[in-house]
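A.B. asks: These are the residues of each chain, in order.
Protein chains: 2
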Amino acid sequence: MVARAMANFSLADLRLVNPRDGWPSEKARAAASRADHVIDSVRLFDTVEAAVADLNFVLATTARPRDSFKPVRGPEAASLDLRRRIADGERTGILFGRERWGLNNHEVGLADEIVTFPVDPDFASLNIAQAVLLMSYAFQVAGREGDLSPRFAAKAPAPAPKQDLFRLFEHLEASLDRAGYFFPEAKREVLAQNLRTMLTKAGLSEPEVRTLRGVVKAFDHEAGRLASGDESEAGETGA
Amino acid sequence: MVARAMANFSLADLRLVNPRDGWPSEKARAAASRADHVIDSVRLFDTVEAAVADLNFVLATTARPRDSFKPVRGPEAASLDLRRRIADGERTGILFGRERWGLNNHEVGLADEIVTFPVDPDFASLNIAQAVLLMSYAFQVAGREGDLSPRFAAKAPAPAPKQDLFRLFEHLEASLDRAGYFFPEAKREVLAQNLRTMLTKAGLSEPEVRTLRGVVKAFDHEAGRLASGDESEAGETGA
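Chains A and B supply the protein sequences, listed in that same order.
Using UniProt numbering, you'd call the opening residue of the first sequence number 1 and step up by one each time.
Using UniProt numbering, you'd call the opening residue of the second sequence number 1 and step up by one each time.
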């Protein structure tokens with residue numbers, strides 16, 4: 001039903017993370033009606049991280065605004081922004097959650113912004129195919145109203161591909177581990193999540209991610225020098 | 001499913017003409033999820049003429065523009081027009097056709113204007129519940145017209161006072177100096193400026209600045225420990 005909803009509005013790039021009932025699925029193909037081209041080009045991933053790795057900008061759809069500092073937009077505003085980013089050459093994606101309970105906090109945390117639908121707060125009951133249908137429609141409408149989209153003075157640099165950002169997280173967290181930052185151990189996850197949220201929110205470009213990798217590397221080298229008692233390497237770690 | 005689609009966007013006045021499976025219908029109530037208020041207030045009619053008799057203005061939804069001289073609009077333009085008419089005190093309605101073959105020419109002829117959805121002409125496959133969902137959504141969006149700026153789920157935290165940010169710059173740069181990051185010396189100013197620009201652009205809140213100070217402090221402590229050959233301090237630097 002998701003494939004069919006997408007096909008109505010000319011969208012075809014569907015990525016699945018650990019589909020519950022396996023893949024390929026004849027049941028899915030039947031429900032897709034004649035949207036075989038969407039089903040045929042589905043790509044499978046083990047993790048959400050892997051599924052968004054090559055993207056510059058990711059929206060997470062949620063039923064209601066979370067207790068989160070990420071920007072929240074409606075489907076129209078989000079679609080206009082996506083159109084602008086795509087026109088600028090960015091690779092973008094939209095995350096939809098599981099049928100029953102949506103995206104978990106970790107998954108929302110991987111996205112740049114949040115999209116919610118303007119549903120009646122007393123009756124919100126969209127299934128995933130309906131959410132995809134509305135988002136696909138809004139994206140299509142945004143393309144036909146391009147004249148209404150905001151103009152930008154200077155072209156903002158694209159956020160780095162997510163895989164670069166995730167590698168920065170790993171690098172920083174490994175170095176902080178060594179430095180004893182994650183203390184007490186019980187707070188580890190919340191401390192790491194705070195850092196990831198902050199770095200995601202910053203919308204870092206590829207050169208900026210590289211700069212921060214250089215910063216962490218400088219501390220790594222320093223620790224390595226001091227641990228080996230060798231001061232001669234000083235100065236080799238400048239970006 | 002139609003009742004449920006309507007309820008998501010606060011619509012409740014559903015009129016049925018000769019429902020195939022009779023009425024009331026427990027099957028319909030089950031499919032409506034919790035949209036009982038829509039099901040309970042359904043009105044039944046024998047003919048489309050009777051169903052629209054009290055209305056001032058009627059839209060007919062069709063899968064594709066007919067060979068007709070009626071005006072054809074998209075869902076957004078039609079919704080804006082409906083909103084204006086309702087504000088002027090008009091009674092309005094939207095006709096949806098049967099699941100398989102839509103509205104016949106006679107039925108379309110009863111309407112004032114036609115609405116079509118901007119679906120891919122090579123893949124148009126909306127069922128009636130999806131058509132109602134899209135039209136209900138468009139009507140809801142038309143009511144919020146102009147609301148394109150992002151909201152925040154939680155109140156966005158204010159950026160930290162500049163003095164806190166400047167202290168972070170000083171702290172980070174002193175630590176990076178020690179670590180040998182600013183190399184060669186000639187690139188010092190541009191490297192430092194890049195870091196400052198990035199951290200300013202991120203719009204860091206006071207807690208976020210504190211978190212980053214904690215990160216730098218962890219590396220400071222590690223360097224201190226390693227330089228003094230004392231490993232006992234490990235773990236004291238967690239934020």
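Don't read these hints as lab results, they were simulated from the structure.
You may find that some hints are simply not true.
Chain copies aren't distinguished; within one or between two, either way the pair holds.
[Stated by the list, open to error] Each computed DSS-like pair below joins lysine-lysine, with the alpha-carbon atoms no more than 30 Å apart:
1) K162 with K201
2) K70 with K27
3) K217 with K27
4) K201 with K217
5) K217 with K187
6) K27 with K201
7) K162 with K27
A.B. asks: Now tell me if each hint is right for this structure.
C.D. replies: Now the hints, each set against the structure:
With identical chains, the CA atoms of K162 and K201 are at most 30 Å apart both within one copy (12 Å) and between copies (19 Å). When the C-alpha separation of K70 and K27 is checked against a cutoff of 30 Å, the pair qualifies neither within a copy, at 36 Å, nor between copies, at 41 Å. In this homomeric assembly, K217 and K27 never come within 30 Å of each other (Cα to Cα): the closest approach is 50 Å inside a single copy and 55 Å across copies. Taking the shortest alpha-carbon separations for K201 and K217, both the intra-copy value of 22 Å and the inter-copy value of 22 Å come in at or below 30 Å.
In the homo-oligomer, the alpha carbons of K217 and K187 lie at most 30 Å apart both inside one protomer (24 Å) and across protomers (17 Å), since each shortest distance falls under that limit. Neither within a single protomer nor between protomers do K27 and K201 lie at most 30 Å apart by alpha-carbon distance, with minima of 39 Å and 46 Å respectively. Taking the shortest alpha-carbon separations for K162 and K27, neither the intra-copy value of 32 Å nor the inter-copy value of 46 Å comes in at or below 30 Å.
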